[in-house]
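Bring the two chains, given one by one in their own frames, into a single complex with the hints.
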Amino acid sequence: NAGVTQTPKFRVLKTGQSMTLLCAQDMNHEYMYWYRQDPGMGLRLIHYSVGEGTTAKGEVPDGYNVSRLKKQNFLLGLESAAPSQTSVYFCASSWGYGYTFGSGTRLTVV
Amino acid sequence: AQTVTQSQPEMSVQEAETVTLSCTYDTSESDYYLFWYKQPPSRQMILVIRQEAYKQQNATENRFSVNFQKAAKSFSLKISDSQLGDAAMYFCALDGTASKLTFGTGTRLQVTL
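As given, the protein sequences belong to chains A and B, one line each in that order. If you count the first sequence from 1, position 35 lands on 21 in the numbering used here, and the numbers rise without skipping. Add 21 to the 1-based position in the second sequence for the numbering used here, that's all there is to it.
If you're looking for bench data, these hints aren't it; they were derived computationally from the structure. There may be inaccurate statements among the hints.
[To be verified] Some chain A residues near chain B, calculated using beta-carbon distances under 10 angstroms:
hint	residue
1	ALA10
2	ASN14
3	TYR17
4	GLN71
5	VAL74
6	PHE76
7	ALA78
8	TYR83
9	GLY84
10	THR86
11	ARG92
[To be verified] Distance ranges between label pairs, derived from CB positions:
hint	chain 1	residue 1	chain 2	residue 2	range
12	B	THR26	A	TYR83	28 to 38 angstroms
13	B	LEU134	A	ASP48	42 to 52 angstroms
14	A	GLY2	B	LYS76	27 to 37 angstroms
15	B	LYS76	A	PHE(-4)	15 to 25 angstroms
16	B	SER101	A	ARG30	41 to 51 angstroms
17	B	LEU134	A	ALA42	42 to 52 angstroms
[Unchecked claim] With a straight-line cut-off of 16 angstroms between C-alpha atoms, the simulated EDC-like cross-links for lysine to aspartate or glutamate are:
hint	chain 1	residue 1	chain 2	residue 2
18	B	LYS121	A	ASP12
19	A	LYS57	A	ASP24
20	B	LYS121	A	GLU45
21	B	LYS91	B	ASP52
22	B	LYS76	B	GLU50
We put the beta carbon where it would ideally sit given N, CA and C, even for glycine.
Bound conformation, chain B alone (with noise of 0.2 angstroms):
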């Protein structure tokens, strides 16, 4: 079985800041994909990032990056220049086993002035 586990359940960060949200995973697959989920009050999911396990790289788009630590299994997402858009419930999920993807409980993001 593969889990999820996002220990902050909330985080407050102020406008223009930067803030990291922590998750931790376990599988027992060597290839896998790890995805960060953005879902505002409009009930959307929507993809913020996704990492290939095999790739040593931490991906980037614009001002999220994630470090993904392999051995760790550690996956955490740093926002930076935080904007008040970026308020949301923020899901860290992995895809290890038979194409099937596992969420954390997730971390409600407060973006303030």
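Chain A extracted, bound-state conformation (with noise of 0.2 angstroms):
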């Protein structure tokens, strides 16, 4: 049972690019979020997604853009990299009261 697998765990982008970032769950969690976690600033949500096909905006949006085709898949894409996206990117599922978070996504944007 792998629970919740982030790809990839590293990468380095450069102002300008795009990304995906691919996070995956085998539990048939219906909630699945994306979380940014920046020095002093605990972790933020991004996007989060209540079930296949449905998105909606967390407290630090922009620049990204959520879709959730497959219950099991949340993809968070950047389409223009920017400096400030430099952080650790978390992705969490949930059904009930019980969170499972993947284990981060280190990207750096120079």
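Below, the structure written as structure tokens:
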């Protein structure tokens, strides 16, 4: 049982480049989330999904897009990366009040 | 909107001693859940303990316990018999609105010999 798997684990982008982070869960959870973690700021919610085909904005959605075409996958896209998007990104899934987190993706934008 | 505040950026405790990490929160919901997560250098988010707001009894998990004061909106974590492996970032989190977790800014715990 893999839980929540994030790919890639590390990535360096140049300003203006695009990329997609993939989150996959095998627990049949309805809810999925993308957070970013910055020093001194905890984890902040970017976007989330309450089911297949649905997405909603979180606290810091600007510069990101998401898609949930399949229940088990939640994709986070950066269309034109900026240095301010340098961060550690966490995906999570939940059912009820139990949350499972991925191991994070460290993204550096230069 | 719901908020979580951790006012202690860093704490230090000697091995085998007890330490308490503070957390206050705000929510308009009457039913909600509170969590403490541990994040070691590996970056993994590890659930330490969970408290359901409708339960008056404080949650405990082995050496970890909470002091949940609903009226004061306070949710502190007590770690007893501290061990070197307890050194990590600790995050307080609240789930009260539409099943979304809101995190505090974290407390870095150092454990010394």
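Against the range 42 to 52 angstroms, how does the distance between the Cβ atoms of LEU134 of chain B and ASP48 of chain A compare: consistent or not?
Holds, since LEU134 of chain B and ASP48 of chain A (Cβ atoms, about 46 angstroms apart) stay within the stated range.
Under the criterion of a CB-CB separation shorter than 10 angstroms, is TYR17 of chain A in contact with chain B as hinted?
Where the cut-off is 10 angstroms and the nearest Cβ of chain B is about 6 angstroms from TYR17 of chain A, the hint holds.
Holds or violated: PHE76 of chain A as interface residue toward chain B, Cβ cutoff 10 angstroms?
7 angstroms, holds
Given a cut of 10 angstroms on the nearest C-beta pair, is the interface hint for ASN14 of chain A held or broken against chain B?
16 angstroms, violated
Holds or violated: is there a CB of chain B closer than 10 angstroms to the CB of TYR83 of chain A?
5 angstroms, holds
Holds or violated: are the alpha carbons of LYS76 of chain B and GLU50 of chain B at most 16 angstroms from each other?
Given pair LYS76 of chain B, GLU50 of chain B holds - Cα atoms ~15 angstroms apart, limit 16 angstroms.
Should the hint that LEU134 of chain B and ALA42 of chain A are 42 to 52 angstroms apart at their CB atoms be regarded as holding?
At roughly 47 angstroms between Cβ atoms, ALA42 of chain A and LEU134 of chain B fall inside 42 to 52 angstroms, so the hint holds.
Can the hint on GLY84 of chain A be confirmed by a CB-to-CB distance to chain B that is less than 10 angstroms?
Hint holds; GLY84 of chain A Cβ to chain B Cβ min 8 angstroms, cut 10 angstroms.
Hinted pair LYS121 of chain B and GLU45 of chain A, Cα distance within 16 angstroms:
OK: LYS121 of chain B and GLU45 of chain A at ~10 angstroms, within 16 angstroms.
Range first: 15 to 25 angstroms. Now tell me if the beta carbons of LYS76 of chain B and PHE(-4) of chain A are that far apart.
41 angstroms, violated
Straight-line Cα separation of LYS121 of chain B and ASP12 of chain A no greater than 16 angstroms?
Measuring from Cα to Cα gives roughly 20 angstroms; hence the hint is violated.
Taken at face value, is the distance from the CA of ASP52 of chain B to the CA of LYS91 of chain B at most 16 angstroms?
11 angstroms, holds
Checked against the numbered hints listed earlier, the structure breaks hints 1, 2, 4, 12, 14, 15, 16, 18, 19; every other hint is satisfied.
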